[in-house]
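S.K.: Chains as they are written, first to last, in this note's numbering: chain P, 210 to 459; chain Y, 210 to 459; chain V, 210 to 459; chain H, 210 to 459; chain C, 210 to 459; chain A, 210 to 459.
FYI, nobody ran anything at the bench for these hints, they're computed from the structure. Glycine residues also receive a C-beta, built at the ideal position from the N, C-alpha and C atoms. It is possible that some hints are incorrect.
Pair ranges (Cβ atoms, derived) [unchecked claim]:
id : chain 1 : residue 1 : chain 2 : residue 2 : range
1  : C       : 360       : P       : 435       : 45 to 51 Å
2  : H       : 265       : A       : 263       : 52 to 58 Å
3  : A       : 263       : C       : 400       : 42 to 48 Å
4  : Y       : 371       : V       : 438       : 45 to 51 Å
5  : V       : 419       : A       : 309       : 19 to 25 Å
6  : A       : 457       : C       : 400       : 26 to 32 Å
7  : P       : 456       : A       : 418       : 54 to 60 Å
6 protein chains.
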Amino acid sequence: MRLQHATWQEVDAYLRRETGIIVPIGSTEQHGPNGLVGTDAICPETVAWEVGERYGVLVAPTQNLGMAQHHLAFPGTISLRPSTLIAVLRDTVISLSRHGFTHVFFLNGHGGNVATLSAAFAEIHAERSMGYGPQPVGELHLTTHNWFAGSRVRELAESLYGDAEGTHATASEVALSWFARPEAVKHVDMSPRIAPRGSAQCDADEFRRRFPDGRMGSDPSLASIEHGERFLDASVSDAWEAYRAFIRPI
Amino acid sequence: MRLQHATWQEVDAYLRRETGIIVPIGSTEQHGPNGLVGTDAICPETVAWEVGERYGVLVAPTQNLGMAQHHLAFPGTISLRPSTLIAVLRDTVISLSRHGFTHVFFLNGHGGNVATLSAAFAEIHAERSMGYGPQPVGELHLTTHNWFAGSRVRELAESLYGDAEGTHATASEVALSWFARPEAVKHVDMSPRIAPRGSAQCDADEFRRRFPDGRMGSDPSLASIEHGERFLDASVSDAWEAYRAFIRPI
Amino acid sequence: MRLQHATWQEVDAYLRRETGIIVPIGSTEQHGPNGLVGTDAICPETVAWEVGERYGVLVAPTQNLGMAQHHLAFPGTISLRPSTLIAVLRDTVISLSRHGFTHVFFLNGHGGNVATLSAAFAEIHAERSMGYGPQPVGELHLTTHNWFAGSRVRELAESLYGDAEGTHATASEVALSWFARPEAVKHVDMSPRIAPRGSAQCDADEFRRRFPDGRMGSDPSLASIEHGERFLDASVSDAWEAYRAFIRPI
Amino acid sequence: MRLQHATWQEVDAYLRRETGIIVPIGSTEQHGPNGLVGTDAICPETVAWEVGERYGVLVAPTQNLGMAQHHLAFPGTISLRPSTLIAVLRDTVISLSRHGFTHVFFLNGHGGNVATLSAAFAEIHAERSMGYGPQPVGELHLTTHNWFAGSRVRELAESLYGDAEGTHATASEVALSWFARPEAVKHVDMSPRIAPRGSAQCDADEFRRRFPDGRMGSDPSLASIEHGERFLDASVSDAWEAYRAFIRPI
Amino acid sequence: MRLQHATWQEVDAYLRRETGIIVPIGSTEQHGPNGLVGTDAICPETVAWEVGERYGVLVAPTQNLGMAQHHLAFPGTISLRPSTLIAVLRDTVISLSRHGFTHVFFLNGHGGNVATLSAAFAEIHAERSMGYGPQPVGELHLTTHNWFAGSRVRELAESLYGDAEGTHATASEVALSWFARPEAVKHVDMSPRIAPRGSAQCDADEFRRRFPDGRMGSDPSLASIEHGERFLDASVSDAWEAYRAFIRPI
Amino acid sequence: MRLQHATWQEVDAYLRRETGIIVPIGSTEQHGPNGLVGTDAICPETVAWEVGERYGVLVAPTQNLGMAQHHLAFPGTISLRPSTLIAVLRDTVISLSRHGFTHVFFLNGHGGNVATLSAAFAEIHAERSMGYGPQPVGELHLTTHNWFAGSRVRELAESLYGDAEGTHATASEVALSWFARPEAVKHVDMSPRIAPRGSAQCDADEFRRRFPDGRMGSDPSLASIEHGERFLDASVSDAWEAYRAFIRPI
């Protein structure tokens, strides 16, 4: 059910029975001393592939780059500007819409993408509302689901880590990424154990001053591969529930 | 304390003691049968002027146009695209930053602006994080405060209207706008009494299909000028608290 | 007759009898030692509201920010780049055009906006001329009227101030803004009495070198509230004459 | 003195004694039944080359495309959008500024370019005023001279054609272009003799409705090669006077 | 050696010994009856990971979307406009440059990306050449290597398929993608055996008219997993040779 | 057959029998010690005019500015950014397409334009493929022919100069430009006789370090006016052959 592994004739056949698609979107940014630069892309990709496999939903290629400007003072971060990401999302949706996809479900792994996703949806809808956009296309529904914010995931993170979950380089996302990439697990002592809390709405230099090792409010040394497996189950249930409600609202 | 009423020498003097500024931002869009097209601009402007008056904070001119593409099927709505609004906010902040303003507090009256404000802040910060922007400027802090989401305002709306408050053309915003513009009060029967609920993330034609008279989940016939006065008090307290926490974080 | 004070149903009713609208557009920029930062927005807004009141023409919210890059070396100035202002004007016109407005009359208070307004009109028309724009919309007429350049206003300024009228922070605009905002009148001695003359086509630092206190060729200490009232009458007559000629050309 | 005919070493030598340059800018658009599509480029180019020759001023290559959207309903017209032309002018000026040119004198042949030239200058200056542009560059002066609006040219046109000069496909510009390109002279009867007058601020289809054969208020059948020679002399004097005043203001 | 699997501290350490990085870039587009929609991303990603593994070069996340507008009439294709892709590449390079990467090697899997990659490099260099870009960054080298155009790969394709290799949905790329994704191999008869040849420089509808099943000049039914393994070896040698020459030119 | 010398009625008549057009495109950039800054525009313009004359094909005005950012460290160079050039080419093609031109043949004189031309074509086609562009226009074919890369020109350059032809400020283009502008011939000794070879994919300062006098691999002192005449013949034959194959493919 991965678009990358299908032929165009197989996509054609899929569109005759189903017009929804999942697009995983992440980021490429530092995730503290033991978290992977790819965490935010690996997590939603893993969840999306599992949803696709279990329930027969087509999954587009992962958008690996997101809006991560505040992490640019840490080596390895690659950020798009919001205006660039809006253009990427717009072209993605127009392309899918041309083929007859009516419901595009962005499965998101990065809090920093949320506002830009929403702005991009409005930009796309505005083309039609202002009457100058891709007028022939029909119905078009767009939504974002943050895997890390589903109710089952939130509950599990609370029960496993409590206050040490944090808001960036969280224990839960590190756990899920380790389950997906066990060869990349790193064991690192955290100092301080729980990172400082605060706002990420600033530029890169200021962010690094506020959060010297990149973590925000978390102790990701609590993460484990076994936890990751449980997060996958929880997030697949959350995402599938959200997808169904999106495709066929009551 | 209104920037429009100051000379440049007065602004110069202000900057020697204080480097924060409030920018009211609203929208120009339908607000149902008895709500004003200007509701979303009038409300934050009224709150901002009152905060400015009481506490000596400078208030910039109101940004009257916001992101309202989903309301374009109702006459009178004027919308900026997100990309246009990002450019406006960017130029506004760069201008203020050049003069030495370090804290720009957007007092917002429209839910549809929230994502674009956040994307705009990231666009501005990204210029600096990527090293190609207005490098000489110093400290720069940006935030959004939604007057309608402050705790005192929420509590008052709950106590006065409960479920009939709604999410667009709400009873509370109609009340506040009427207090600010008593000459424009309209008495209209609502049918159905409480408007349908749902999502506004769609284009203009779809929005009008979902919400035929423009209201979302509200009964704004419950609004009154007297309520409006109480909302002003509540929102001024909320906004001032938020402003102080922004300017001088503990 | 202010769009901000109407409901969408009232706009709907207006459109059945009349499809013209006035959009006041100004700037937020220094106006010398006794002129208000908001002068260029306050003046056309005041004229537009009076025209609307007397003659029943709908008036859109004021565009408070204009093209004022050359004033940025004076605190309080907020400028849009021409490209940003073009986008704002384009979205404004497309929004109005969608509702059936056919004649958009920009009542302008700032000389620095004139070229950008004209470029924006051409950008909007070019979308249609190139066949890729908002094709369904019908007739579309766009014009700019500078309140300060009407024949009655010019004559009055000449008779009251002669050479001391100047070209920025003029005596006439200071007078009109004071009539509109009597609470903001400032009495300041001018030195030199008449400011230097010259061109404003330069960047901000160069502008401040050329015009140290912000005035260009004017002595606005000659202004008075009583003069302002006369300027209002003259400019309302000028604007109404221009509006009628625009809406119903002979 | 044509930049296209110089080597870079010759430009280098020129810059040691002089830092001004003339950039001819025109348009590619219909000019009625006997006017050439290239009229607006050929005229300023011819004037510029003659000024360059007589007075030793460097002349850049002609910008052949301008803002001509209103002429697009006539075959042969090629128009840039204002936003495109702003980008072209901006890159041109930044390139010249990098080499040390401090005064860029646009010798313009098309009324439709005037607003966009002015907006482009503001866009360029705004980059510096906002502190994010090409900061290292030094002094930068930009101006437009319309060859057709110089006092000697106006006087000559008045004396030769009176009311039949018109405002597009004028007798004077046709005459000058014929002097420059005698091989392209066309003899065509005009009907009506003097074309209708009116405004060109509209889209292409509307323009063609207003001005069926492309002329505006003119009778270009009055033009002759001999007149063209006199217009060249007049316009070279006008342009040289304007250039000197620009380079070395009193 | 995959950036997605590294921590920022590991990237930091890498940068102390090496400042080159490989960025795989592909496309998401139809590849005929037996080729995968993800072929153009899977191939360079596979080559890049192998080069990274064997020679210790860091590999950035794959850019899965490319310039594929001409394939949009086949379901499953997702295309960026050239202008969007330029923005993505620009932000990617600026991000990497900020960290100290000096050599960015794009390992490309799609012919349709070549021109846009080159234009993007020029856009990035132009920011510096015009003096307004990310000035503090140091040395910056950018190049594209097309895995499918390396000498060893060309020789192998010629020897295996001769004329049946083709230019889109080629036998060689199908073979390599199958080796990388054996679970996605499809056996489909081709009719005609060798697809028509021609140019892809056209829009989507025209492309589908020219190439009805999506192939251009190829018979990809000749592909096999075993061939794919040989193409991987050949392309890794080609890419590594090109990378070394890029990093340390003689 | 020059569009600049035609009336719109003549273009109208041409379009009834023929819908192809040639657009010369060059650059304004240094060409070493004896080459003209205008070489890259003068050469294709000369070839285009000759093709137009001999075979009755319409020739649009020359695009004198191209993508020359790498030459900006040499005085006299004027460069457009790729994004600006894309906008220019897009507006040019949309304008021509509106009139009914179906085949636009860019006769190019500058290697640095090739990628951007190709990206611009894709941008134009993408507007249609994505369904939001100038939909009413019909057939649209776009191509680039590099006069310097035609087989007859290559053969002649090889026979005359061998290795001394080089890749920038080549002997062949200097020869052709001298034939076109005999008054601008310069005799300069070259040192070293053959300039260094290398890549031009870098910024302006780096380019000047690599190629101190601006030449790349050439000895243009071998050029002569007589050679130029032979290059004109060869290139006219090459271009006409390419044009015919483009207009009426077999």
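S.K.: So, for every hint listed, does it hold in this structure?
M.R.: Against the structure, the hints:
1. C:360 - P:435: 45 to 51 Å: With Cβ atoms ~49 Å apart, the hint holds.
2. H:265 - A:263: 52 to 58 Å: Distance hint for residue 265 of chain H, residue 263 of chain A is violated at roughly 38 Å.
3. A:263 - C:400: 42 to 48 Å: At roughly 46 Å between Cβ atoms, residue 400 of chain C and residue 263 of chain A fall inside 42 to 48 Å, so the hint holds.
4. Y:371 - V:438: 45 to 51 Å: Given a distance of about 50 Å, which is inside 45 to 51 Å, the answer is holds.
5. V:419 - A:309: 19 to 25 Å: violated, 52 Å
6. A:457 - C:400: 26 to 32 Å: The hinted range 26 to 32 Å holds for residue 457 of chain A and residue 400 of chain C, with Cβ atoms some 29 Å apart.
7. P:456 - A:418: 54 to 60 Å: At roughly 59 Å between Cβ atoms, residue 418 of chain A and residue 456 of chain P fall inside 54 to 60 Å, so the hint holds.
Violated hints, in rising order: 2, 5; the structure is consistent with all others.
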